[in-house]
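Chain A is already provided as a structure; the job is to place chains B and C on it using the hints.
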Amino acid sequence: MLECTPMRITAEEVRITARMARLRLEEAEVERMTLELGRILDYVASLEQVDTTGVAPLDHPGVLTCPLRPDEVGAHLPQREALRNAPLVEQEHFAVPAILVGLSAERGEG
Amino acid sequence: MSATGPFEAVIGLECHVQLQTRSKLFSAASTRFGGAPNSQTDPYTLGLPGTLPVLNEQAVEFALRLGLSTGCRIRRVCRFARKHYFYPDLPKGYQISQLDEPLCEGGHIEFFVGTERRRVRLLRIHLEEDAGKSVHAPTGTSLVDLNRAGVPLVEIVSAPELSSGQEASEYLRAIRRLVRALRISDGNMEEGSLRCDANVSVRRRGETALGTRTELKNINSFRFVQRAIDHEVARQIDLLSRGGQVVQETRGWDAERGTSYPQRGKEEAHDYRYLPEPDLPPLHIDESWLARVRATLPETPMARYDRYVELGLPHADAQLLSSEPELGEYFDRTLSAAGGARAARLAAAWIGSELLGALHRDGRDLPSSPVGPEALAELLRLILDGTLSGKLAKEVFARCYSSGERPAALVAREGLSQISDALAIEAVCRRVIEAHPQQAAKYRAGASKLLGFFIGQVMRETGGRANPERVRQVLESLLGEKS
Amino acid sequence: MDLAFLSAVEISRQVRARQVSAVEVTRHFLDRAARLDARLGCFLLLDPEGALAQAAEVDAACARGEDLPLCGVPIGIKDILCTRGLTTTAGSRILAGFVPPYDATCVERLRRAGGVVLGKLNLDEFAMGSSGENSAFGPTRNPWDPSRVPGGSSSGSAAAVSAGLCALSLGTDTGGSIRQPAALCGVSGLKPTYGRVSRHGLIAFASSLDQAGPIARSAEDLAVCLGVIAGPDPLDSTCLPEPVPDYLSACAASPAGLRIGVPRQYFSEGLEPAVERCVRQALAVLCAAGAVAVDVSLPLTPHTVSTYYLIATAEASSNLARYDGVRYGLRAAGSASLTEMYERTRAAGFGAEVRRRILLGTYALRSGYYDAYYRRASQVRRLIRDELLSALARCDLILSPTTPGVAFRLGERTEDPLAMYLSDIYTTSASLAGLPAVSIPCGLAPPADDPDGPLLPVGLQLIGPPLGESVLLRAAAAFQRLTDWHVRRPPAAMEIP
Chain A
1 MLECTPMRIT AEEVRITARM ARLRLEEAEV ERMTLELGRI LDYVASLEQV DTTGVAPLDH
61 PGVLTCPLRP DEVGAHLPQR EALRNAPLVE QEHFAVPAIL VGLSAERGEG
Chain B
1 MSATGPFEAV IGLECHVQLQ TRSKLFSAAS TRFGGAPNSQ TDPYTLGLPG TLPVLNEQAV
61 EFALRLGLST GCRIRRVCRF ARKHYFYPDL PKGYQISQLD EPLCEGGHIE FFVGTERRRV
121 RLLRIHLEED AGKSVHAPTG TSLVDLNRAG VPLVEIVSAP ELSSGQEASE YLRAIRRLVR
181 ALRISDGNME EGSLRCDANV SVRRRGETAL GTRTELKNIN SFRFVQRAID HEVARQIDLL
241 SRGGQVVQET RGWDAERGTS YPQRGKEEAH DYRYLPEPDL PPLHIDESWL ARVRATLPET
301 PMARYDRYVE LGLPHADAQL LSSEPELGEY FDRTLSAAGG ARAARLAAAW IGSELLGALH
361 RDGRDLPSSP VGPEALAELL RLILDGTLSG KLAKEVFARC YSSGERPAAL VAREGLSQIS
421 DALAIEAVCR RVIEAHPQQA AKYRAGASKL LGFFIGQVMR ETGGRANPER VRQVLESLLG
481 EKS
Chain C
1 MDLAFLSAVE ISRQVRARQV SAVEVTRHFL DRAARLDARL GCFLLLDPEG ALAQAAEVDA
61 ACARGEDLPL CGVPIGIKDI LCTRGLTTTA GSRILAGFVP PYDATCVERL RRAGGVVLGK
121 LNLDEFAMGS SGENSAFGPT RNPWDPSRVP GGSSSGSAAA VSAGLCALSL GTDTGGSIRQ
181 PAALCGVSGL KPTYGRVSRH GLIAFASSLD QAGPIARSAE DLAVCLGVIA GPDPLDSTCL
241 PEPVPDYLSA CAASPAGLRI GVPRQYFSEG LEPAVERCVR QALAVLCAAG AVAVDVSLPL
301 TPHTVSTYYL IATAEASSNL ARYDGVRYGL RAAGSASLTE MYERTRAAGF GAEVRRRILL
361 GTYALRSGYY DAYYRRASQV RRLIRDELLS ALARCDLILS PTTPGVAFRL GERTEDPLAM
421 YLSDIYTTSA SLAGLPAVSI PCGLAPPADD PDGPLLPVGL QLIGPPLGES VLLRAAAAFQ
481 RLTDWHVRRP PAAMEIP
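Protein chains in written order, with our numbering: chain A, 1 to 110; chain B, 1 to 483; chain C, 1 to 497.
For reference, chain A alone in the conformation it holds in the complex (with noise of 0.2 Å):
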């Protein structure tokens, strides 16, 4: 069955979205990957039957309007509290490998 539908999804897709998402597969889970998520989107391409003409979509299945916050300070955490769990603490900071220059394009703030 698998031989007669066209895949969804291919390979480079797969690494193109895993490294979107900083996971790094390795060949041999690409391969599985791509065959799930096909068979998985080939599963959900069901949807396409359904009509969907001027149909808003359902985001917030409860509440309906966004309660507001008065602008009070309130608790905080101690420092050592807030780096408590850090893998690596260097200087009062979480500390991670250098940040690129040029890396810092990738913020947003666009």
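It should be emphasised that the hints constitute simulated quantities derived from the structure, not laboratory data. All residues carry an ideal CB built from backbone N, CA and C; glycine is no exception. Take the hints with a grain of salt, since some may be wrong.
Claimed, not checked - Here are some, though not all, of the chain C residues that point toward chain B, as calculated from beta-carbon distances under 8 Å:
(1) Pro100
(2) Ser207
(3) Thr238
Only chains B and C this time, still in chain A's reference frame:
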């Protein structure tokens, strides 16, 4: 505009303004600037699992002030969306922002380029949360401080209607003046509470399609905005003139070397994978809230400018006094204490020269001025009613500025008031003419320049207290009499 | 006296009456868990010190005459709900060793009501799974047959109540994660209306679907627990402001006059005949007590699983972006660059099912695919909700099986994710619509592939209108007064004293 030759630049700005709320946009952590690293956080700020955003009412109200004062359409229902990218100072891996249905749309910002009034349309103003800060350590690691993470921002997106670095810089200054006047931000570029990205493209004059644009990031002073944009416009024109093509990319501005550098190309362009924010239902802005905000909206700098021009102030004075809310308020208070519109030009001139000059010299700010608006108004009244000459007034001002004494009291105590009594002035004038017969004769023979000599003598006799205009009139008539 | 299988209501009554102390009850359950759980894998963490300290406080409160609704009731918490000072992992290596500085709102409310938190319960990693096999810390086994799965993702929560290791537990339900394991383990589980219980402190899988709820041995216990944890919370903007009714008194009402909707699409292909028989008998029991069956139609049923998986994975890909090895949790060692650190940390920290769902969800949100997948699913979601609401306009609640079959064997479906997803067919629609739903035991049946095999629990699902928890509890409690399925215990093998 000949600098760009057959080309014209098309520039749009995206400004981020930190709102000066006490707590963060979605949690109760403090927004205080300058605390120890990672000391202004709570579980939400850290992106701890299980934490949820709760919207700060004051931040919305500040954004509404901005939207209303720039003539935006305010959405009665707006929505939040998640914008995804991985960066160590973005704790949740996404920023809560607004995409399809922002709080404010349309509107405009007005500002002056020289004396020419410009109006640039806005595309939108929306609310979002700030990221933390990362600094590079010499040890080969980067260090992340999340104190700033979650501070409320408004993003103001202009239409691509600016045409030069100077215009962009004036536009940005107008935003700074505006957010300060609205008391929603300190607009401080050095501390990062006002930040700016520029989208720059060029095209041949007459063309309507936009050229390929580049995005300039990290331009964080008014001066750099102008220089970075002009540099980028020149770079693009140079490329095109030599038959090259502009590559769509993000460029950073290196302020030290005065040049820009590519940060990432189109092939790596980010897909932010926006998702309607499931943790925040749609935000409803009801009419009564809008009415309340509208009713308490502070005057905008441009409205203030217009009011001052109507009072008869010259452009430069009106612009100066509308540039900072404290300055305008000082002026308004001075004016109302000095008896209104007739004092306007005089008040503007005095604030602009004597007062600001003295404050600047001493490195003081307006609120700590030893001469308050009521005191200055007193001085102006003494000038207007002829009690003090301009020269005397400056002396009185200087003494009041250093002692804090009120002008009227000082003048009364030291008998500094100007002599306007016609008989008294005439007596002195007669004495001076009699004492200088030769000069009087020369004057009468046609050396009319000598009138100044006589005025000087009279002023000396009166210790500068005689009304110089009166003196002139009396001398002219006395010297004319005997011819 | 066999404390292990007393109801929460009864334990609370006895502790309040000082017939037994909270400390004694707590010791009893801690001992039981220490003895029996090695075979079952329900608990990821037992907290004897904390539990006994809390029990002592409860006893002190009782001595002061305080009237606590869950007085001394031993409770297990699904390890996706944050507990202050107690390691909380969401069943994932990526959160190994994470100690939250705060309690989830529902946990805090349980504590204040006199509940004693024994420890943290196993689950499918980040609540992604229907079998309990996706926990990074080993699978949970079904007390009725340890070679079979307990269902998921609240695997430990259902199995622990079923085996008498706690009287009550908290689970979370995103697409059936309370109801399905409750069904497979022969206990009662309630997924409240979306927003009825605060999500503050619930580690998000799919934010627009996640709800915490109780798993217990009776509808009455569900009612008491829900009454404690439900209600507005300023820390959750999606939490409903409506006041909380008295659910326990709803349990006392007669089922007479209840209109029970029976969706014909739920009784069709794929439903094991033995399961269908149990569910139809349950319907007959309720009708004999005065309820009325109403035929309803839910034509979008074939699309619910697709819709659910697109929305849930898209939200999951977003919610799981925060696990980056910077501020807490696992970080892969020895990465030269930041990107390498992210990619290796997330590859090492997330299990295969979580990675699969992150990929699917990331893909569904990518520009160019968003409209075809995520947006379309959100539109169909509205249609599904509208369809359920109009069915519920014709009846008071909807009755169906909770799952198409009984508990399957460990390893049976792990190689076929899609087959696993399809077992969520009856539970996902209430999740998508944000409706309350309960699963209660309604019979025992052999597995379809082994007619001579062990008799295993069958679950009956009832779906109610928004905030219709009371009507669900009314029907469930009535059913439990008329039958004894809910007091059946797992085979004697589990009863080693």
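A closest beta-carbon separation below 8 Å is what the hint needs, so does Thr238/C meet it against chain B? Constraint on Thr238/C satisfied, holds at 6 Å.
Does Pro100/C hold up as a contact with chain B if the rule is Cβ-Cβ below 8 Å? holds, 7 Å
Does Ser207/C hold up as a contact with chain B if the rule is Cβ-Cβ below 8 Å? Interface hint status for Ser207/C: holds (4 Å vs cutoff 8 Å).
Hint compliance for this structure: every hint is met.
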